[in-house]
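So the sequence lines, in the order shown, correspond to chains A and B. Note that UniProt numbering has the first sequence beginning at 1, numbered continuously upward. Note that UniProt numbering has the second sequence beginning at 1, numbered continuously upward.
Check before you lean on any hint, since a few could be wrong.
Partial selection, computed: residues in chain A whose CB lies under 8 angstroms from chain B [as the list claims (entries may be wrong)]:
1. Pro14
2. Thr16
3. Val30
4. Leu93
5. Phe95
6. Asp96
7. Ile106
8. Pro125
9. Pro132
10. Trp142
11. Val143
12. Tyr146
13. Leu216
14. Leu235
15. Leu259
Here chain B is said to cover these stretches of chain A; the calculated rule only asks that three of the stretch's residues, wherever they fall, bring their Cβ under 8 angstroms from a Cβ of chain B [said to hold, decoys possible]:
16. 31-41
17. 152-159
Hints are computed from structural coordinates only; laboratory data are not their basis. The beta-carbon is built from N, C-alpha and C at its ideal position, and this holds for glycine as well.
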Amino acid sequence: MSAPTHRTRPGTTPGTVLAVIALVAVSAVVLLPIAIIVFTAFKPVAEVNAYPPSLLPDAWTLDNVREVTSELPFLRLVGNSFLFAGGVTAFALVFDSLAAYALARIDFAGRKVLLVAIIATLMIPFQATLIPLYQLVADLGWVNTYAGLIAPRAADAFGIFFLRQFFLSLPRDVDAAARIDGASEFRVFRSVVLPNAVPALLTLGLFTFVNNWNDLLWPLVFTTDADMGTITSGLTLLTGPSGIVPHGVMMAGSLIAILPLVIAFLLIQRRFIENIATTGLK
Amino acid sequence: MTAPNPTARRYRPPAPLGGRRRATGSPAGRNARAWAFLAPALIIIGLFTVWPMISALRLSFMDASGFGREEFIGLENYVTVFTDPDIRDAVLNTLWYTVLFTPTAVIAALALALLLNSPRMPFRSFFRTALFVPFVVSFAVAAFAWSYLIDPQVGLLNYWLRGLGIQLGNVLEDPDLAMPAVVLVAVWKLFGFYFVIFLAGLQDIPASLYEAARMDGAGPWSRFRNVTLPLLSNTMAFVLIFAMIAALQAFDQIYVMTGGGPYGHTQTLVMEIYESGFRKLDIGFASALSYVLLIATLILSLVQFLFFGRKEKDLSS
Numbered sequence: 001m002s003a004p005t006h007r008t009r010p011g012t013t014p015g016t017v018l019a020v021i022a023l024v025a026v027s028a029v030v031l032l033p034i035a036i037i038v039f040t041a042f043k044p045v046a047e048v049n050a051y052p053p054s055l056l057p058d059a060w061t062l063d064n065v066r067e068v069t070s071e072l073p074f075l076r077l078v079g080n081s082f083l084f085a086g087g088v089t090a091f092a093l094v095f096d097s098l099a100a101y102a103l104a105r106i107d108f109a110g111r112k113v114l115l116v117a118i119i120a121t122l123m124i125p126f127q128a129t130l131i132p133l134y135q136l137v138a139d140l141g142w143v144n145t146y147a148g149l150i151a152p153r154a155a156d157a158f159g160i161f162f163l164r165q166f167f168l169s170l171p172r173d174v175d176a177a178a179r180i181d182g183a184s185e186f187r188v189f190r191s192v193v194l195p196n197a198v199p200a201l202l203t204l205g206l207f208t209f210v211n212n213w214n215d216l217l218w219p220l221v222f223t224t225d226a227d228m229g230t231i232t233s234g235l236t237l238l239t240g241p242s243g244i245v246p247h248g249v250m251m252a253g254s255l256i257a258i259l260p261l262v263i264a265f266l267l268i269q270r271r272f273i274e275n276i277a278t279t280g281l282k
Numbered sequence: 001m002t003a004p005n006p007t008a009r010r011y012r013p014p015a016p017l018g019g020r021r022r023a024t025g026s027p028a029g030r031n032a033r034a035w036a037f038l039a040p041a042l043i044i045i046g047l048f049t050v051w052p053m054i055s056a057l058r059l060s061f062m063d064a065s066g067f068g069r070e071e072f073i074g075l076e077n078y079v080t081v082f083t084d085p086d087i088r089d090a091v092l093n094t095l096w097y098t099v100l101f102t103p104t105a106v107i108a109a110l111a112l113a114l115l116l117n118s119p120r121m122p123f124r125s126f127f128r129t130a131l132f133v134p135f136v137v138s139f140a141v142a143a144f145a146w147s148y149l150i151d152p153q154v155g156l157l158n159y160w161l162r163g164l165g166i167q168l169g170n171v172l173e174d175p176d177l178a179m180p181a182v183v184l185v186a187v188w189k190l191f192g193f194y195f196v197i198f199l200a201g202l203q204d205i206p207a208s209l210y211e212a213a214r215m216d217g218a219g220p221w222s223r224f225r226n227v228t229l230p231l232l233s234n235t236m237a238f239v240l241i242f243a244m245i246a247a248l249q250a251f252d253q254i255y256v257m258t259g260g261g262p263y264g265h266t267q268t269l270v271m272e273i274y275e276s277g278f279r280k281l282d283i284g285f286a287s288a289l290s291y292v293l294l295i296a297t298l299i300l301s302l303v304q305f306l307f308f309g310r311k312e313k314d315l316s317s
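So here's chain A without its partners, still in its complex pose:
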């Protein structure tokens, strides 16, 4: 680690220059895989497998994109990803915020015990419950259905805990006033607490969406039909049985898989990073 604060006088110091050089180098390495995805996606096959390899294409082509869309039911997989990640996110936000509201704002018998129980389930890795969960989903006849993909994740302990922490930090005078005016509990939740929790809901929503969009094991387990997979699990089908990976096609598929998330992230990155940092997630 180079010293960031040799001198603390304002202006450019040797320490700052060194730090910027280090950061440029680290960022270049960090962005290299993203660059290789983007540029390889538009390279002709001959260049993809050429030696010596290069980062930028000499001739740009859409062949890889065309091939990946013909080898996989691509639109369908991307649509599944949206339905799965979007569905989980929508349900989880509603159910988690309802539960978090009760835990943060209503004094009821058994609240402490319940909170501890919820925090305990937070530590259960989903991989540990995967097999009986699969059997349950299979018994319900939900393998290869959206219900099977979405329902088990329609609420989760992490989201409840996260939102509860946030709700606790909101001032309570307004909801007391609303209650005196005769507002129902649900009205207080919907019109007083929720509107003030938008940053937390946005952060949790994005988090949930990104994690589910990117999850590999979950769709691998709960879908066996190629048409019901997600874009993330579908891509793994491209690695042929021979073990020969068509890199160009792979990178084109990867580009399509990461594009929605990267664009969404770049659009809202400032708020997203700041919200993660300030909504108690640390």
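Here the structure of chain A is known, so what remains is to put chain B in place on it, guided by the hints.
For chain B alone, kept in the frame of chain A given last:
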């Protein structure tokens, strides 16, 4: 930015129930309303997390194939878990992965957060964004990209390193290098998340403390050692727990890059669970393995919680 920043309050238990003043409602009414709010989430978690957990415990004492045939065999699955050399290797591999991953990711994240904590650092928000981008890329896609970069024939990174005199060879087929390679992908994907959390933690440390330390003649290392590290211990605990749990559950990029190979050198616990449960359909055995993972996770969380919980108290008193 808009949200309050409850550093000091975050880990404190909620205020005693008696201390809250409620304007309206009888206790019975409040109970009914609370459970109505909780019901949907509790049903989902109960049905899809708690029940499978109980089921897995039962199955771990069975010889079960998943086609309805179940036979009670006592502790036999657990005996196999602790005696089978393949499983022992998978446990060791998982530990090796954790040992490689956790310090690398946490130190990289902390070092970068320290560099970017100063508001005077040029291009601060560009660097922050660049470092966080990998977090939104899936493990699977990260695995494809890195596999191509380190491909022995056409990999760009291999080629560049060869230019520097470093011969990597076929990394993913190399028993010594395959594990570091899959760990590298995990570090790449996850360190940005830890970095952002460290940044937030650093911003909560009052500047006045650094001023005071400087007046006392403390150099950069001493300030880091005596101001930053102790005041960051909460954040550090959170990041360490997250990083270790992520390491214990490693699966995605290994499945894509090596499939557990070469010769089982990257076979982890979750890879074993997936294989015994969904390939070999040995559900009882897979359940016993799951419980080993579960208990390892719980122990880890507990140890960290106790260790850092005490430390935090020391500081605040």
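Hint-by-hint comparison with the structure:
1. Pro14: violated (14 angstroms)
2. Thr16: holds (7 angstroms)
3. Val30: A/Val30 check passes; min Cβ-Cβ to chain B is 6 angstroms, inside 8 angstroms.
4. Leu93: violated (11 angstroms)
5. Phe95: Holds - the Cβ of A/Phe95 comes within 8 angstroms of chain B, reaching about 4 angstroms at its closest.
6. Asp96: holds (6 angstroms)
7. Ile106: holds (4 angstroms)
8. Pro125: holds (5 angstroms)
9. Pro132: holds (4 angstroms)
10. Trp142: violated (11 angstroms)
11. Val143: Violated. Min distance 12 angstroms.
12. Tyr146: At about 15 angstroms, which exceeds the 8 angstroms cut-off, the nearest Cβ of chain B leaves the hint on A/Tyr146 violated.
13. Leu216: OK, holds: A/Leu216 within 8 angstroms of chain B, min 4 angstroms.
14. Leu235: holds (6 angstroms)
15. Leu259: violated (11 angstroms)
16. 31-41: Coverage by chain B holds here, the residue count being 7 at a Cβ distance below 8 angstroms.
17. 152-159: Held - the region 152-159 of chain A has 6 residues with a Cβ nearer than 8 angstroms to chain B, which meets the minimum of three.
The earlier numbered hints that this structure contradicts are 1, 4, 10, 11, 12, 15.
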